[in-house]
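Participant: Use these hints to put chain H onto chain W, whose structure you have.
2 protein chains.
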Amino acid sequence: MSENTTYSQFELTKEFIVGLKQIIETNNVTEARKIIADLHSADIADIYDELSLDEAKFIHLLLDEETASEVISELEDDVRDKFLKALPGEIIAENVIKNMESDDAADVIGDLCEEKKAEVLSSIEDVEQAGDIVELLNYDEDTAGGLMAKELLAVNKNLTVRACLVELRQQAEKVKNIYYIYVIDNDGKLVGTLSLKKLLLAQSSHIIFDICNTDVITVHTGEDDEDVANLMHKYNLIALPVVDGIGRLVGKITIDDVVDVIKEEAEKDYQMVSGITEDVESSDSAFKMIRARVPWLIIGLFGELIGSRVIGIFEGDIIKYATLALFMPLIAAMGGNAGVQSSSIIVQGLASGNLGIESISKKIGKEFVIASINGVLLSVIVFVFTLFFHGDIIITISISIALFMVIIFASLFGTIVPLILNRFKIDPAVATGPFITTSNDILGFLIYFYTARIIFSI
Amino acid sequence: MSENTTYSQFELTKEFIVGLKQIIETNNVTEARKIIADLHSADIADIYDELSLDEAKFIHLLLDEETASEVISELEDDVRDKFLKALPGEIIAENVIKNMESDDAADVIGDLCEEKKAEVLSSIEDVEQAGDIVELLNYDEDTAGGLMAKELLAVNKNLTVRACLVELRQQAEKVKNIYYIYVIDNDGKLVGTLSLKKLLLAQSSHIIFDICNTDVITVHTGEDDEDVANLMHKYNLIALPVVDGIGRLVGKITIDDVVDVIKEEAEKDYQMVSGITEDVESSDSAFKMIRARVPWLIIGLFGELIGSRVIGIFEGDIIKYATLALFMPLIAAMGGNAGVQSSSIIVQGLASGNLGIESISKKIGKEFVIASINGVLLSVIVFVFTLFFHGDIIITISISIALFMVIIFASLFGTIVPLILNRFKIDPAVATGPFITTSNDILGFLIYFYTARIIFSI
Numbered sequence: 001m002s003e004n005t006t007y008s009q010f011e012l013t014k015e016f017i018v019g020l021k022q023i024i025e026t027n028n029v030t031e032a033r034k035i036i037a038d039l040h041s042a043d044i045a046d047i048y049d050e051l052s053l054d055e056a057k058f059i060h061l062l063l064d065e066e067t068a069s070e071v072i073s074e075l076e077d078d079v080r081d082k083f084l085k086a087l088p089g090e091i092i093a094e095n096v097i098k099n100m101e102s103d104d105a106a107d108v109i110g111d112l113c114e115e116k117k118a119e120v121l122s123s124i125e126d127v128e129q130a131g132d133i134v135e136l137l138n139y140d141e142d143t144a145g146g147l148m149a150k151e152l153l154a155v156n157k158n159l160t161v162r163a164c165l166v167e168l169r170q171q172a173e174k175v176k177n178i179y180y181i182y183v184i185d186n187d188g189k190l191v192g193t194l195s196l197k198k199l200l201l202a203q204s205s206h207i208i209f210d211i212c213n214t215d216v217i218t219v220h221t222g223e224d225d226e227d228v229a230n231l232m233h234k235y236n237l238i239a240l241p242v243v244d245g246i247g248r249l250v251g252k253i254t255i256d257d258v259v260d261v262i263k264e265e266a267e268k269d270y271q272m273v274s275g276i277t278e279d280v281e282s283s284d285s286a287f288k289m290i291r292a293r294v295p296w297l298i299i300g301l302f303g304e305l306i307g308s309r310v311i312g313i314f315e316g317d318i319i320k321y322a323t324l325a326l327f328m329p330l331i332a333a334m335g336g337n338a339g340v341q342s343s344s345i346i347v348q349g350l351a352s353g354n355l356g357i358e359s360i361s362k363k364i365g366k367e368f369v370i371a372s373i374n375g376v377l378l379s380v381i382v383f384v385f386t387l388f389f390h391g392d393i394i395i396t397i398s399i400s401i402a403l404f405m406v407i408i409f410a411s412l413f414g415t416i417v418p419l420i421l422n423r424f425k426i427d428p429a430v431a432t433g434p435f436i437t438t439s440n441d442i443l444g445f446l447i448y449f450y451t452a453r454i455i456f457s458i
Numbered sequence: 001m002s003e004n005t006t007y008s009q010f011e012l013t014k015e016f017i018v019g020l021k022q023i024i025e026t027n028n029v030t031e032a033r034k035i036i037a038d039l040h041s042a043d044i045a046d047i048y049d050e051l052s053l054d055e056a057k058f059i060h061l062l063l064d065e066e067t068a069s070e071v072i073s074e075l076e077d078d079v080r081d082k083f084l085k086a087l088p089g090e091i092i093a094e095n096v097i098k099n100m101e102s103d104d105a106a107d108v109i110g111d112l113c114e115e116k117k118a119e120v121l122s123s124i125e126d127v128e129q130a131g132d133i134v135e136l137l138n139y140d141e142d143t144a145g146g147l148m149a150k151e152l153l154a155v156n157k158n159l160t161v162r163a164c165l166v167e168l169r170q171q172a173e174k175v176k177n178i179y180y181i182y183v184i185d186n187d188g189k190l191v192g193t194l195s196l197k198k199l200l201l202a203q204s205s206h207i208i209f210d211i212c213n214t215d216v217i218t219v220h221t222g223e224d225d226e227d228v229a230n231l232m233h234k235y236n237l238i239a240l241p242v243v244d245g246i247g248r249l250v251g252k253i254t255i256d257d258v259v260d261v262i263k264e265e266a267e268k269d270y271q272m273v274s275g276i277t278e279d280v281e282s283s284d285s286a287f288k289m290i291r292a293r294v295p296w297l298i299i300g301l302f303g304e305l306i307g308s309r310v311i312g313i314f315e316g317d318i319i320k321y322a323t324l325a326l327f328m329p330l331i332a333a334m335g336g337n338a339g340v341q342s343s344s345i346i347v348q349g350l351a352s353g354n355l356g357i358e359s360i361s362k363k364i365g366k367e368f369v370i371a372s373i374n375g376v377l378l379s380v381i382v383f384v385f386t387l388f389f390h391g392d393i394i395i396t397i398s399i400s401i402a403l404f405m406v407i408i409f410a411s412l413f414g415t416i417v418p419l420i421l422n423r424f425k426i427d428p429a430v431a432t433g434p435f436i437t438t439s440n441d442i443l444g445f446l447i448y449f450y451t452a453r454i455i456f457s458i
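Chains as they are written, first to last, in the working numbering: chain W, 1 to 458; chain H, 1 to 458.
Watch out, some of these pointers could steer you wrong.
Since the list can't tell identical chains apart, any single copy or any two copies may satisfy a pair.
Straight-line Cα separation of at most 30 angstroms, DSBU-like style, residue types lysine-lysine; simulated pairs [as the list claims (entries may be wrong)]:
{"hint": "1", "residue 1": "21", "residue 2": "57"}
{"hint": "2", "residue 1": "98", "residue 2": "82"}
{"hint": "3", "residue 1": "197", "residue 2": "57"}
{"hint": "4", "residue 1": "268", "residue 2": "234"}
Since the hints were made in silico from the structure, they are not lab data.
Chain W on its own, in the form it takes in the complex (with noise of 0.2 angstroms):
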């Protein structure tokens, strides 16, 4: 039980990492060997993102074969790059694909440049195991076919159960987890799963399709991955098994990969409405981390350019009642924050697939009513503040008006935005952040200004 608590206690520190570039530097090997001998691979991988590419590649031989193709695969996308880049393909093939399971191998592979990628397959000896990783690369990416992999127990539907477990002796030796056991008939088509427990439960004399689940969830190799992520996250699935279009197995996809997936488009939401454009980490580099955020910091400048010419449309009345300036921010901010609430509920509806059985009509009714409620409460509040601290009427109504006006508006145009996008086939969520804020923005000193003109003018 040592070792376990090495496990789950190690943390990554600035003295572990010091200490270890100092062991690398002066070449002892004895010492780096018993460092990361109790290791799990995954802190491995996050100790080469502290590391020089020489050192990482020190600690790397270090390494068995198994964890060595492990921290491959566990490596950041821009690390790997730089890592594999540096191997010859033959290496790659031989000493980091070989103990990968095929969907690892076809995404590392799938990262490779066209001329390095025909290298590593054609290095392959596996023969297999290169036609299992040319099939996978065929797919998108972000489908089921992109997520799967091709290890799996497969059985005859006719064998006993006697029978059986001799088969999955043999097959066990290449998949590293079971799950199931997946239940075939003669064409390859899947006809059933069967739990390792009904396996240990059942007669050795019992046939398999007698005993196995016919109620199987599948999909296609051409599923969206968000909705296999949402699929097994409502089903409680820890495998889902793919089919091709004729009902034939084709490969599984397992909870860990849909882990992946659900954090990486929770992720994708987040930095939307933040107004970051790529996957950035607070350890990121000082330049990734202005490429992820200028672009929209320049896109909500010119918006608010844009804010201040439609402003500056209104400079007479500015000039004549300066007040009116005061409560410009406000107007601004209230529709930015109404917007980005009602937004991020439909992008977050959307992105879970639950956005319930209304009709985007009901949806934009009870988005107006909710709108007016708070429209309301807010207006209220400003009155009476306004009232009291500026006894100006005129202006106080003005601005009560104007802020109903800009929360309902801002509501509603946060409410059909990501709806729009998303008809479109454009992800909705870009319909969050600065981009609503900003629009909101200039939406509402339009609102305002000509709320007052028409109030000052009674």
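Facilitator: Only chain H this time, still in chain W's reference frame:
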């Protein structure tokens, strides 16, 4: 395979619900039974969401015991509450709890009021099950103990493979899915895990301890659920054994429970950045939506009212130079955008536990570099634009310098505040969304007008 397509393709439509409601109204038991026969419990739970309590009860009475309890554990919390309130404790114990795994049972019972809880617990016939549930109820919901289930397969390390198989056949009855077999010593302490694959491939005379894997990742009952989720994700675990203070095996956590945690956490952070205070879906009632959305709107409104007072300090400047007012919203919006970007990167890093090994001072230094470069870029754009459209060099310089400073302050503020909140054990996600945009608005106005005053007086 016909049922399997029913499963994966079931889509809840308005027509389906209307049809079902009619069938229920006419008391057509045969037809209702036919409709639900092919449905997965998760789909039936979704259907309850759209029915009245009486209609849902009608359907519920047609389900077999196992499906009935599965549906209950799949229900949304508020629907389940209503449903269970209508049932006597004895019925809950017999029809709902009896077929549930201990973790689901504890979740359901934990949500009941104290009186009903006691009533249900005392009505559970199986004393062992009742004991398991009572034990699980002791753990905090947000810990490993609160996530785990008591059902697992554990065998003594001294058994032979043959004896182990006999033992497993006995234990397997009570466990739904088998992922790993846990190996314990005579004191019940966890010493290893055994995969079913290993067991299938082993000779029947082998001793379990010799073939089991002793490198086990475990967690203690008190471990935070987010940490458990990060651990299982990082190490790609399907099941994770939970041990008590002295290393005895007390339960296991499976990946599907952790997927819920991951989704919930991601949604919580997303809602926070969008200014929504509770878990809402677009299909929720208008009342629930208002309750979730109005708090941050009101907080934001008060922030902006303070902002309007701050601008009020400079009303004299606005009256003199009305052009200054045109760019106030730009300054506010850009401060907000930059602040949300930096705070959300920190919040996401804190949530996934990968802030990296950089020290806080290095992080702040890097943020300063990023903000400076972004600031220079944006200021140059504003400079060119303002000079071209307004021609006034003094105003142009004021705005550009102010924007540069606002970007820097907002970015640093967005980086530092979540780190401080986290230090004080407050959810750092609070410092995203409306909070950061509103505070940066106020900060932005102060910087903007003071900069203008200084430049104008030069």
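Participant: Please work out whether the CA atoms of residue 197 and residue 57 approach to 30 angstroms or closer within one copy, between two copies, in both situations, or in neither?
Facilitator: Close neither inside one copy (44 angstroms) nor across copies (33 angstroms); limit 30 angstroms.
Participant: With identical chains treated as interchangeable, where does the CA-CA distance between residue 268 and residue 234 reach 30 angstroms or less: within a copy, between copies, both, or neither?
Facilitator: both (21 angstroms within a copy, 19 angstroms between copies)
Participant: If the cutoff is 30 angstroms on CA atoms, where do residue 21 and residue 57 land: within, between, both or neither? Let me know, please.
Facilitator: For residue 21 and residue 57, only the intra-copy Cα distance (12 angstroms) is at most 30 angstroms; the inter-copy one is 66 angstroms.
Participant: Treating 30 angstroms as the Cα threshold, decide for residue 98 and residue 82: within, between, both or neither.
Facilitator: Classified as within; 20 angstroms inside a copy, 55 angstroms across copies.
Hint violations for this structure: number 3 only, all remaining hints satisfied.
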